[in-house]
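Chains as they are written, first to last, in the working numbering: chain H, 1 to 354; chain A, 1 to 178.
Misleading hints may appear alongside valid ones.
[What the hints assert, rightly or not] Calculated pairs, DSBU-like style, for lysine-lysine (alpha carbon to alpha carbon, straight line, at most 30 Å):
#1 A/23 / H/287
#2 H/142 / A/125
#3 A/167 / A/118
#4 A/133 / H/153
[What the hints assert, rightly or not] If you want the footprint, here are the derived chain H segments under chain A, 3+ residues with CB under 8 Å:
#5 35-43
#6 157-170
Note that these hints are calculated values from the structure, not bench results.
Each residue gets a CB set at the ideal place from its N, CA and C atoms; glycine is no exception.
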Amino acid sequence: MSLQNFINDAISPWLNTEGVDNDIVLSSRIRLARNFEQVPFPTSGQEDALTKVLEYMEQEFDQQSYEDFKQFQLVKMNNLKPIEKRVLVEKHLISPELSDKDQTGAALISKNEQASVMVNEEDHLRIQLYYPGFELTKALEKAQELDNWFEDKIHYAFDENRGYLTSCPTNVGTGLRASVMMHLPALSMTNQMNNLIPEINKLGLVVRGIYGEGSEALGQLYQISNQITLGKSEEDIVEDLKSVVQQVIENERRARDWIMEQLGIQLEDRIFRSYGILSNCRIIQSKEAAKCLSDVRLGIDLGLIKNVSKTILNELMVLTQPAFLQQYAKKTLGPNERDVFRANLIRERLQLEN
Amino acid sequence: MNCQRCQEREATVHYTQVINGQKTEIHLCEQCAEQEGYMNFSNDNLSIHQLLTSMFPFDQNVNQKQSVQTTHRLTCDRCGTTYQEFRNRGKFGCSHCYLAFESYLNPIFRRVHSGNTKHVGKIPKRIGGNLHKQRELEQLQNNLQQLIHDEAFEEAAQVRDEIRQLKEDLNENKGGDA
Numbered sequence: 001m002s003l004q005n006f007i008n009d010a011i012s013p014w015l016n017t018e019g020v021d022n023d024i025v026l027s028s029r030i031r032l033a034r035n036f037e038q039v040p041f042p043t044s045g046q047e048d049a050l051t052k053v054l055e056y057m058e059q060e061f062d063q064q065s066y067e068d069f070k071q072f073q074l075v076k077m078n079n080l081k082p083i084e085k086r087v088l089v090e091k092h093l094i095s096p097e098l099s100d101k102d103q104t105g106a107a108l109i110s111k112n113e114q115a116s117v118m119v120n121e122e123d124h125l126r127i128q129l130y131y132p133g134f135e136l137t138k139a140l141e142k143a144q145e146l147d148n149w150f151e152d153k154i155h156y157a158f159d160e161n162r163g164y165l166t167s168c169p170t171n172v173g174t175g176l177r178a179s180v181m182m183h184l185p186a187l188s189m190t191n192q193m194n195n196l197i198p199e200i201n202k203l204g205l206v207v208r209g210i211y212g213e214g215s216e217a218l219g220q221l222y223q224i225s226n227q228i229t230l231g232k233s234e235e236d237i238v239e240d241l242k243s244v245v246q247q248v249i250e251n252e253r254r255a256r257d258w259i260m261e262q263l264g265i266q267l268e269d270r271i272f273r274s275y276g277i278l279s280n281c282r283i284i285q286s287k288e289a290a291k292c293l294s295d296v297r298l299g300i301d302l303g304l305i306k307n308v309s310k311t312i313l314n315e316l317m318v319l320t321q322p323a324f325l326q327q328y329a330k331k332t333l334g335p336n337e338r339d340v341f342r343a344n345l346i347r348e349r350l351q352l353e354n
Numbered sequence: 001m002n003c004q005r006c007q008e009r010e011a012t013v014h015y016t017q018v019i020n021g022q023k024t025e026i027h028l029c030e031q032c033a034e035q036e037g038y039m040n041f042s043n044d045n046l047s048i049h050q051l052l053t054s055m056f057p058f059d060q061n062v063n064q065k066q067s068v069q070t071t072h073r074l075t076c077d078r079c080g081t082t083y084q085e086f087r088n089r090g091k092f093g094c095s096h097c098y099l100a101f102e103s104y105l106n107p108i109f110r111r112v113h114s115g116n117t118k119h120v121g122k123i124p125k126r127i128g129g130n131l132h133k134q135r136e137l138e139q140l141q142n143n144l145q146q147l148i149h150d151e152a153f154e155e156a157a158q159v160r161d162e163i164r165q166l167k168e169d170l171n172e173n174k175g176g177d178a
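Generate coordinates for the entire structure from the input sequences, incorporating the hints supplied.
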């Protein structure tokens with residue numbers, strides 16, 4: 001596989017379109033957890049029954065289309081090579097848990113990769129929709145429509161009091177998890193994230209670094225999502241999340257203005273140094289790569305760097321993860337080899353831009 | 001940077017620990033991290049389960065022996081999941097488990113969902129008529145309370161009539177498609 005192809009394939013088509021506020025919110029996601037009424041949940045491990053769910057989904061929905069989501073394709077886990085699964089995981093089309101379910105796991109993926117329905121992960125169906133930028137309302141609306149499309153044929157497990165029944169008590173009710181992926185370099189630089197995260201948690205929302213642990217998010221990428229799924233309507237869950245995200249966006253913009261004003265040439269220096277490192281490095285660790293990528297993306301958003309595409313941060317954050325690198329190299333790499341390989345990959349990718 | 005423990009290999013695992021505001025950074029190579037228990041990747045799920053099961057308020061305040069005995073015997077008669085298994089794994093086995101373990105669920109849901117135990121969101125179309133109307137009724141009754149509270153009596157009278165109509169519809173449909 002050539003690098004050019006690989007990169008093209010590693011990025012879902014929908015990510016290349018522009019979205020609202022996409023200088024800060026990279027993507028919005030809606031996930032609905034659903035189960036068949038009469039079938040034990042995947043957590044029960046009753047493979048015969050789960051195989052029937054898989055066969056049903058294949059028979060009814062493989063190669064079908066629903067409005068914008070054309071040509072769903074059912075991909076069975078046991079037909080995939082490890083590297084192919086890994087690619088799907090890194091593109092967030094399937095979860096690592098699903099990729100382990102060789103016998104019964106599958107994903108129903110639309111051609112534009114915007115909709116992906118995991119079959120027999122923790123629940124029978126996990127309907128996921130992605131939109132670029134800050135588009136939670138639209139994503140929810142479309143997810144509901146898609147849900148209705150499935151519901152025309154499938155008898156969902158539903159209880160008047162408890163709502164949609166799920167394997168895990170944390171998803172019961174709406175089965176809805178709404179989330180946004182945000183790039184917050186200025187709030188991080190001005191040390192405001194440590195104050196902001198507990199405040200957001202108090203509102204029943206979860207903030208976590210997308211890569212890295214705890215408050216130390218690699219690449220200044222954060223995911224914010226709802227925690228509560230029971231006792232609130234889908235619309236309220238999304239509205240509550242939106243109002244918090246909106247405030248975070250405003251804070252980040254203010255912080256960006258502030259650092260531009262206060263740091264001026266120093267900020268420019270930092271950004272172009274990072275750009276220089278990425279374009280010229282021969283050995284680079286994932287932590288440094290993430291920091292530099294975040295700087296470069298900020299430089300693009302502030303209009304300082306002009307000839308590099310915005311998606312570079314999303315792309316390279318995925319491509320330079322240790323596990324992904326090894327899959328790409330098709331062999332196990334020691335830590336030092338990994339850093340050399342990562343440096344090569346980043347340099348080549350940046351050259352493609354020019 | 002070399003590994004703090006063996007001082008030989010390069011440190012590739014970086015661990016930041018914050019206890020009572022005291023931040024400690026630990027830098028280890030993979031081998032040492034595994035030995036020191038910082039890298040139990042295969043057990044990752046377990047910790048989430050533990051976190052979840054620790055939220056389950058079991059057997060406190062109740063005579064412990066007795067409650068363990070009765071919950072032991074509690075089994076979902078459709079999928080065979082026992083209450084004990086549900087408790088350990090933090091996962092239901094099938095939709096029927098919700099009924100089988102019903103009497104233990106409210107405290108769990110309250111903890112996980114900020115005090116909520118009842119669904120108020122989307123209803124599948126097939127569930128149809130009555131439940132949708134029931135929801136509407138609850139909504140109108142809330143509105144009525146608010147209107148009375150705000151002393152908007154004219155509007156309140158309208159809402160009251162709507163409620164009456166809806167109740168009649170519901171009575172007619174009783175035993176219907178719900």
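Against the structure, the hints:
For the hint linking residue 23 of chain A to residue 287 of chain H, the alpha-carbon distance of about 19 Å falls within 30 Å, and the restraint holds. Restraint check: the Cα-Cα separation between residue 142 of chain H and residue 125 of chain A comes to about 17 Å, which is no more than 30 Å; the hinted pair holds. About 21 Å separates the Cα atoms of residue 167 of chain A and residue 118 of chain A, which keeps this hinted pair within 30 Å; it holds. Simply put, residue 133 of chain A and residue 153 of chain H have alpha-carbon atoms about 24 Å apart, close enough for the 30 Å limit, and the pair holds.
Residues of the stretch 35-43 of chain H lying with their CB closer than 8 Å to a CB of chain A number 6, which satisfies the three-residue condition for coverage. Against chain A, the stretch 157-170 of chain H contributes 14 residues with a C-beta closer than 8 Å to a partner C-beta. That satisfies the three-residue criterion, and the hint holds.
In this structure, none of the earlier numbered hints is contradicted; all agree with it.
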